[in-house]
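Those sequence lines, one after another, are chains A and B. The first sequence runs contiguously to residue 82 in the numbering used here. The second sequence runs contiguously to residue 150 in the numbering used here.
Hints are computed from structural coordinates only; laboratory data are not their basis. There are no misleading hints in this set.
Computed list of lysine to aspartate or glutamate pairs in EDC-like fashion (alpha-carbon distance at most 16 Å, straight line):
| hint | chain 1 | residue 1 | chain 2 | residue 2 |
| --- | --- | --- | --- | --- |
| 1 | B | Lys127 | B | Glu51 |
| 2 | A | Lys13 | B | Glu134 |
| 3 | A | Lys13 | A | Asp49 |
| 4 | B | Lys127 | B | Glu53 |
| 5 | B | Lys127 | A | Glu12 |
| 6 | B | Lys127 | B | Asp89 |
Computed from a predicted structure; not experimentally measured.
Listed below, chain by chain, are the residues.
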Amino acid sequence: MIRVLFFAGLREKLDCAALEVDSGGLETLADLREKLGERGDPWRRALADASLQMALNQHLATAASPVAAGDEVAFFPPVTGG
Amino acid sequence: MAVSVAVQLEAFDVGAEYARLREGNTRDGAAAMFVGSVRDFNLGTGVSRLELEHYPGMTERVLGDIAEQARQRWQLGRVCIVHRIGPLDPGEDIVFVGATAEHRQAALDACAFIMDWLKSRAPFWKKERGPGGERWVEARESDQEALEKW
Chain A
1 MIRVLFFAGL
11 REKLDCAALE
21 VDSGGLETLA
31 DLREKLGERG
41 DPWRRALADA
51 SLQMALNQHL
61 ATAASPVAAG
71 DEVAFFPPVT
81 GG
Chain B
1 MAVSVAVQLE
11 AFDVGAEYAR
21 LREGNTRDGA
31 AAMFVGSVRD
41 FNLGTGVSRL
51 ELEHYPGMTE
61 RVLGDIAEQA
71 RQRWQLGRVC
81 IVHRIGPLDP
91 GEDIVFVGAT
101 AEHRQAALDA
111 CAFIMDWLKS
121 RAPFWKKERG
131 PGGERWVEAR
141 ESDQEALEKW
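Build out the structure end to end from the sequences listed, making use of the hints.
Here it is in structure tokens:
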């Protein structure tokens, strides 16, 4: 399984902070994003946002980053701390 | 403490943070500090409260990495980063960055470097509450551009 986390405005749009996804058939973060989009229109729309950032095991990652069972993936809007 | 990173709900005391940078540290002649505070106005509307969310675990790691990058770039004595999370009122301090060095330029540059990277890499998100309700603060292009000078 892959643990997937959502933060800030994205978490609110999806009404979901975390879920587990079967890693079967998934090779990259782009594949995971595609699979999450199959959960319905709100998911497809929210995840299509080109400004969204991704982290793989708490390091910033890209759509091409490979994923595997046991990974922690996070999707979130551009950061606004400080 | 060569590097100290804290992400906390509680308020911090600038005087106490300064004392920690200086205590027993007679080698460094310079301490530079930056403190960021909650403004009561942003993008044309009043702000009555701020809520800060973060990604526990990744936040601390990213801040530690940024502090280490600063230490590789400049000869620094101590580096301290404190960032608050949770609800904050206008006027409250959000972030403290402090650095000591033998001379001022390294300490000043390190503080600016750490803040610039923190603003565009550390996973924090601000939500503002004001007369029109709540809204998530949007990232600024200028924060990303600030990295180019490093």
